[in-house]
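Peer 1: What follows is the residue order along each chain.
Protein chains: 2
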Amino acid sequence: MSKSVFYHAGCPVCISAEHDIIKLIGKDNVEIVHFGEDASRIPEAENAGVKSVPALVTPTGNVLHINFGASMEDVKA
Amino acid sequence: MSKSVFYHAGCPVCISAEHDIIKLIGKDNVEIVHFGEDASRIPEAENAGVKSVPALVTPTGNVLHINFGASMEDVKA
Numbered sequence: 006m007s008k009s010v011f012y013h014a015g016c017p018v019c020i021s022a023e024h025d026i027i028k029l030i031g032k033d034n035v036e037i038v039h040f041g042e043d044a045s046r047i048p049e050a051e052n053a054g055v056k057s058v059p060a061l062v063t064p065t066g067n068v069l070h071i072n073f074g075a076s077m078e079d080v081k082a
Numbered sequence: 006m007s008k009s010v011f012y013h014a015g016c017p018v019c020i021s022a023e024h025d026i027i028k029l030i031g032k033d034n035v036e037i038v039h040f041g042e043d044a045s046r047i048p049e050a051e052n053a054g055v056k057s058v059p060a061l062v063t064p065t066g067n068v069l070h071i072n073f074g075a076s077m078e079d080v081k082a
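Chains L and C are the protein sequences, given in the same order.
Residue numbers for the first sequence follow my numbering, beginning at 6 and rising by one.
Residue numbers for the second sequence follow my numbering, beginning at 6 and rising by one.
Source of the hints: derived by calculation from the structure; they are not laboratory data.
These numbers were taken from a predicted model, which means no experiment stands behind them.
Please note that the accuracy of each hint is not assured.
Listed below are the simulated SDA-like cross-link pairs for lysine to any residue, each with C-alpha atoms no more than 25 Å apart in a straight line [to be verified]: (1) C:Lys32 <-> L:Ser7; (2) C:Lys32 <-> L:Gly66; (3) L:Lys8 <-> C:Glu36; (4) L:Lys32 <-> C:Lys28; (5) C:Lys28 <-> L:Phe73; (6) C:Lys32 <-> L:Ile27; (7) C:Lys32 <-> L:Glu23; (8) L:Lys28 <-> C:Ile20; (9) C:Lys56 <-> L:Val18; (10) C:Lys28 <-> L:His24; (11) L:Lys32 <-> C:Asp33; (12) L:Lys8 <-> C:Phe73; (13) C:Lys32 <-> L:Thr65; (14) L:Lys8 <-> C:His70; (15) L:Lys28 <-> C:Asp33; (16) C:Lys32 <-> L:Glu36; (17) C:Lys8 <-> C:Ile27; (18) C:Lys8 <-> C:His70; (19) C:Lys28 <-> L:Pro64; (20) L:Lys56 <-> C:Val18; (21) L:Lys28 <-> C:Ile27; (22) C:Lys56 <-> L:Glu23; (23) L:Lys28 <-> C:Val18; (24) L:Lys32 <-> C:Glu23; (25) C:Lys28 <-> L:Val10; (26) L:Lys56 <-> L:Pro17; (27) C:Lys81 <-> L:Phe73; (28) L:Lys28 <-> C:Thr63; (29) C:Lys28 <-> L:Gly54.
Over 10 Å on every C-beta distance to chain L, these chain C residues come out as not near it, computed from the model [to be verified]: (30) Gly15; (31) Pro17; (32) Lys32; (33) Asp43; (34) Ala75; (35) Ser76; (36) Met77; (37) Lys81.
All C-beta atoms, glycine included, are put in the ideal place defined by N, C-alpha and C.
The shape of chain L in the complex, shown without the other chains:
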């Protein structure tokens, strides 16, 4: 994977972090995944090691949990 993936759930903390991340690394370098719009991506995120959102998975597969919006359990509820 050559892009980072930013997973979020639409919470205010998530949206704020999304704007920051896009400004910092450029919108062409990051795919935005909103679980509220596409819950089918949740297992993929969990497999990548995402424990809470918002989170950024880097091209090398590292997970950066940014601030704290919601746990993955909350997202699935």
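Chain L is fixed; fit chain C onto it per the hints.
Peer 2: Here is chain C on its own, set in the frame of chain L:
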């Protein structure tokens, strides 16, 4: 301020996040501050809203707390 500032305290989580951030946004776009080497920057970070490290303060002044290495209280101890 035109650069982001990445504050950390040398913990393994911090170092890992530092490498990721530098790769993502470029080393010319971020100043790295290590509290273990320069504790005098701690008040500046707290004033910026940093609650734990590692944290990235964006050029617009937003604070992104990334993963969790140590609280600011731990850093000062």
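Peer 1: Against each hint, give a clear statement of whether it holds in the structure.
Peer 2: Results of checking the hints against the structure:
1. With a C-alpha separation of about 19 Å, the suggested pair C:Lys32 and L:Ser7 falls inside the 25 Å cut-off, and the hint holds.
2. Using a Cα cut-off of 25 Å, the hinted pair C:Lys32 and L:Gly66 holds, with the two alpha carbons roughly 20 Å apart.
3. For a cut-off of 25 Å, the pair hint linking L:Lys8 to C:Glu36 stands: about 23 Å separates their Cα positions.
4. With a C-alpha separation of about 16 Å, the suggested pair L:Lys32 and C:Lys28 falls inside the 25 Å cut-off, and the hint holds.
5. Pair hint C:Lys28 plus L:Phe73 holds up; C-alpha atoms about 23 Å apart against a cutoff of 25 Å.
6. Among the hinted pairs, C:Lys32 with L:Ile27 is consistent with the structure: their alpha-carbon atoms are about 17 Å apart, no more than 25 Å.
7. This hinted pair checks out: C:Lys32 and L:Glu23 have alpha carbons roughly 21 Å apart, not beyond 25 Å.
8. Proposed proximity of L:Lys28 and C:Ile20 is supported: the alpha carbons are some 23 Å apart, at most 25 Å.
9. Of the supplied pair hints, the one linking C:Lys56 and L:Val18 holds, its CA atoms being roughly 15 Å apart against a limit of 25 Å.
10. With a CA separation close to 19 Å, the supplied pair C:Lys28 and L:His24 stays within the 25 Å bound.
11. With a C-alpha separation of about 19 Å, the suggested pairing of L:Lys32 with C:Asp33 holds against the 25 Å cut-off.
12. Taking the CA atoms of L:Lys8 and C:Phe73, the gap is about 24 Å. The hint holds against a cut of 25 Å.
13. Our distance criterion of 25 Å between C-alpha atoms is met by C:Lys32 and L:Thr65, whose separation comes to about 17 Å.
14. For the suggested pair L:Lys8 and C:His70, the alpha carbons sit about 21 Å apart, so the restraint of at most 25 Å is met.
15. About 15 Å separates the Cα atoms of L:Lys28 and C:Asp33, which keeps this hinted pair within 25 Å; it holds.
16. Between the alpha carbons of C:Lys32 and L:Glu36 the distance comes to roughly 22 Å, so the proposed pair stays at or under 25 Å and holds.
17. The hinted pair formed by C:Lys8 and C:Ile27 meets the criterion: a straight-line CA distance of about 12 Å does not exceed 25 Å.
18. With a C-alpha separation of about 17 Å, the suggested pair C:Lys8 and C:His70 falls inside the 25 Å cut-off, and the hint holds.
19. Distance check on the hinted pair: C:Lys28 and L:Pro64 sit about 10 Å apart at the alpha-carbon level, within 25 Å; holds.
20. The suggested pairing of L:Lys56 with C:Val18 holds, with an alpha-carbon distance near 15 Å, which does not exceed 25 Å.
21. Note on L:Lys28 and C:Ile27: the hinted pairing holds, with a Cα-Cα distance of about 15 Å set against a maximum of 25 Å.
22. Pair hint C:Lys56 plus L:Glu23 holds up; C-alpha atoms about 20 Å apart against a cutoff of 25 Å.
23. Distance check on the hinted pair: L:Lys28 and C:Val18 sit about 24 Å apart at the alpha-carbon level, within 25 Å; holds.
24. A distance of roughly 21 Å separates the Cα atoms of L:Lys32 and C:Glu23; the hinted pair therefore holds under the 25 Å criterion.
25. Between C:Lys28 and L:Val10, the direct Cα distance comes to roughly 14 Å. Compliance with the 25 Å bound is thereby established for this hinted pair.
26. Distance restraint check for L:Lys56 and L:Pro17: the Cα-Cα separation of roughly 18 Å lies within the 25 Å cut-off, and the hinted pair is therefore satisfied.
27. As the CA atoms of C:Lys81 and L:Phe73 are separated by approximately 23 Å, the hinted pair is consistent with the 25 Å bound.
28. At most 25 Å may separate the alpha-carbon atoms for a hinted pair to count; L:Lys28 and C:Thr63 meet this at roughly 9 Å.
29. Proposed proximity of C:Lys28 and L:Gly54 is supported: the alpha carbons are some 19 Å apart, at most 25 Å.
30. Even its closest Cβ contact with chain L, about 18 Å, leaves C:Gly15 beyond 10 Å, as expected for a residue assigned away from the interface.
31. Annotated as non-interface, C:Pro17 keeps its C-beta farther than 10 Å from every C-beta of chain L; the closest such distance is 13 Å.
32. Against the 10 Å criterion, C:Lys32 stays outside the reach of chain L, whose nearest CB is about 13 Å from its own CB.
33. Even its closest Cβ contact with chain L, about 23 Å, leaves C:Asp43 beyond 10 Å, as expected for a residue assigned away from the interface.
34. The beta carbon of C:Ala75 is kept farther than 10 Å from every beta carbon of chain L, the shortest such distance being approximately 15 Å.
35. Distance check for C:Ser76 against chain L: the nearest CB is about 14 Å away, which clears 10 Å, and the non-interface claim stands.
36. In this structure C:Met77 is separated from chain L by more than 10 Å, as the shortest Cβ-Cβ distance comes to about 15 Å.
37. With a least beta-carbon separation of about 21 Å from chain L, C:Lys81 lies farther than 10 Å from that chain, consistent with its non-interface assignment.
The earlier numbered hints are all upheld by this structure, with none contradicted.
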